[in-house]
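K.L.:
Make the full structure from the sequences, and use the hints.
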Amino acid sequence: MSTSADANQPTSPSGTPLSPAAEATDAVQRALAAEHAAFWAYGLADAYLDEQHDGALAEGRTEHRRRRDEVEALLTAGGTNPVPAEPSYQTPEPVVDARPALVLVLTAETDVAAAWRYVLERTADGELRAAAFAALVDAARRAVGWRQALGLDPVTVAFPGRG
Amino acid sequence: MTSPPQGRFSFGRRRLLIAGVLGALAAPVLAACTSEPPAEPEPDVLEPLLASARADAALAEAVAAAHPGLTAVALVASDRAEHAEALAEEIDRANPPATGGEEQPATSSAAPPPPPEPPGDPEAARQELLAALDASREQASALVATVPGFRVGLVAAVAASCTTLHDVL
Chain B
1 MSTSADANQP TSPSGTPLSP AAEATDAVQR ALAAEHAAFW AYGLADAYLD
51 EQHDGALAEG RTEHRRRRDE VEALLTAGGT NPVPAEPSYQ TPEPVVDARP
101 ALVLVLTAET DVAAAWRYVL ERTADGELRA AAFAALVDAA RRAVGWRQAL
151 GLDPVTVAFP GRG
Chain F
1 MTSPPQGRFS FGRRRLLIAG VLGALAAPVL AACTSEPPAE PEPDVLEPLL
51 ASARADAALA EAVAAAHPGL TAVALVASDR AEHAEALAEE IDRANPPATG
101 GEEQPATSSA APPPPPEPPG DPEAARQELL AALDASREQA SALVATVPGF
151 RVGLVAAVAA SCTTLHDVL
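Respectively, the protein sequence lines represent chains B and F. Heads up: the first sequence runs through residues 1 to 163, numbered per UniProt numbering. Heads up: the second sequence runs through residues 1 to 169, numbered per UniProt numbering.
In case anyone wonders, no lab produced these hints; they're calculated from the structure. A hint or two may mislead.
Claimed, not checked - Partial pick of chain B residues on the chain F-facing surface, computed with a CB cut under 7 Å:
no.	residue
1	R129
2	A134
3	L136
All C-beta atoms in this analysis are idealised placements derived from N, C-alpha and C, irrespective of residue type, glycine included.
P.N.:
Given below as structure tokens:
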């Protein structure tokens, strides 16, 4: 899935490097964008996956909604307008049945893990790091479940969050 | 014409030995009190993670060989070996090994330990591996708050990976 925030080096609109605080805020906004996308992906995938995935779908959806709400509150408290969700997102492949739906949620989790890793690398704040780390671990664990569902081998990746 | 009694001679020798022992003990304490910079660089905080990654990979390999029926053990071996490689690379990058003729990274110069002996019971072997992964996860997680930004991605990935390996084992 692709969102508008794909650039590697955070810069202001004028192209100058961001301050540490602005860099962390920018990273959190990207993580929020990834959480929005994941929440949307789980909603779409739900229509194509049978009941054996109901538990995992519900858990993922709930978790992404919770993180989305938390991050929005965090940004708002810091005086930043949280990025809104897009009306829809580009999927890795057309979602017409179960397999692309599984690929979609796996991709969403992979993107979320990468986004939180990006946050980790751009803040020294202990609390923000702890939150980003927890989000990265959770996304990595759900991704393993979707890799298993897809019958992928290996089912784990050695470096979750590495793009 | 007097010769030192046997006893005094041996006492004197023993005193020297005792002094030698005390001297040896005292030396590091004295050295620690000086403001001289230590001769050896501070050990890298990633060294314990590297040691665990190598130990886990070796244990997983031994378990896989002894109990081919255990699924996902090979995955533990390969993922933990990848962690060891990445950690060694980062440690060497931060503190390049001295190049005295032959290229020999400090982090890989230690003789490999003998392969671990896994429990004969498959379930006990699995439990040992689970405990090792749990300890490694905690060890890496504890560093996430403090390592610099350019290292935290690696440390967090190692911790997250140990969590997922624990899940699938």
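K.L.:
Holds or violated: is the Cβ of B:L136 closer than 7 Å to a Cβ in chain F?
P.N.:
Since the shortest Cβ distance to chain F is 6 Å, the answer is holds.
K.L.:
Holds or violated: is there a CB of chain F closer than 7 Å to the CB of B:R129?
P.N.:
Holds. Min distance 6 Å.
K.L.:
Does B:A134 pass the interface check with chain F, least Cβ-Cβ distance below 7 Å?
P.N.:
violated, 10 Å
When held up to the earlier numbered hints, the structure conflicts with hint 2 and nothing else.
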